[in-house]
Amino acid sequence: MDKGNNSYGTSWADQWDNGPDPRMVGHDKNNNNKYKQKIGEGFDKTKSVASTGVKKLKDGTSVGFNWIKTKCSNIKQKN
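Anchor point for the sequence shown: position 77 equals 77 in full-length UniProt numbering, and the numbering is continuous, going up by one each time.
Mixed in with the good hints, there may be bad ones.
[Said to hold, decoys possible] Okay, derived cross-link-like pairs now, DSSO-like style, lysine-lysine, Cα gap no bigger than 30 Å in a straight line:
#1 55 to 69
#2 58 to 69
#3 58 to 71
#4 45 to 58
#5 56 to 71
#6 36 to 47
#7 55 to 38
#8 45 to 55
#9 55 to 71
#10 56 to 69
#11 47 to 58
#12 45 to 56
#13 45 to 34
#14 56 to 38
#15 76 to 58
#16 34 to 47
#17 36 to 55
[Said to hold, decoys possible] So the derived label-pair ranges between C-beta atoms look like this:
#18 48 to 69: 44 to 52 Å
#19 44 to 64: 27 to 35 Å
#20 46 to 67: 29 to 37 Å
#21 44 to 72: 38 to 46 Å
No lab work stands behind these hints: they were computed from the structure.
Beta carbons are placed, not taken as given, at the ideal position from N, Cα and C, and that holds for glycine.
Produce the entire structure from the sequences given, and follow the hints as far as they go.
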């Protein structure tokens, strides 16, 4: 099925796109450090929010169990 094309299995981009890889344009260490710092700040925020959420969940669960415990003990005292 070879139609005289001598691409030898290369992709369309390899055959027709001779420009630089767009991810590599403007690639330097300063940009990497800037992105690492932003990602680190994002992780810190996420960690803080997750920690607060876990504390609220723990407190809410404790209050719920105490409420159930109180209701059950009130039923036993009525009998």
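Evaluated hints:
1. 55 to 69: holds (21 Å)
2. 58 to 69: holds (16 Å)
3. 58 to 71: Holds - the C-alpha atoms of residue 71 and residue 58 are around 20 Å apart, at most 30 Å.
4. 45 to 58: Holds, at about 20 Å.
5. 56 to 71: Status holds; Cα separation ~22 Å.
6. 36 to 47: holds (16 Å)
7. 55 to 38: Holds, at about 26 Å.
8. 45 to 55: Between residue 45 and residue 55 the Cα gap is close to 15 Å, so the pair holds against 30 Å.
9. 55 to 71: holds (24 Å)
10. 56 to 69: Holds - the C-alpha atoms of residue 69 and residue 56 are around 20 Å apart, at most 30 Å.
11. 47 to 58: holds (16 Å)
12. 45 to 56: Judged against 30 Å, a Cα distance of about 17 Å means the pair holds.
13. 45 to 34: holds (17 Å)
14. 56 to 38: holds (27 Å)
15. 76 to 58: holds (27 Å)
16. 34 to 47: Roughly 20 Å between the alpha carbons, so the hint for residue 34 and residue 47 holds.
17. 36 to 55: Holds: residue 36 and residue 55 sit about 28 Å apart, inside 30 Å.
18. 48 to 69: 44 to 52 Å: At roughly 32 Å between Cβ atoms, residue 69 and residue 48 fall outside 44 to 52 Å, so the hint is violated.
19. 44 to 64: 27 to 35 Å: Once the Cβ atoms are compared, 31 Å apart, the range 27 to 35 Å for residue 64 and residue 44 holds.
20. 46 to 67: 29 to 37 Å: holds (31 Å)
21. 44 to 72: 38 to 46 Å: holds (42 Å)
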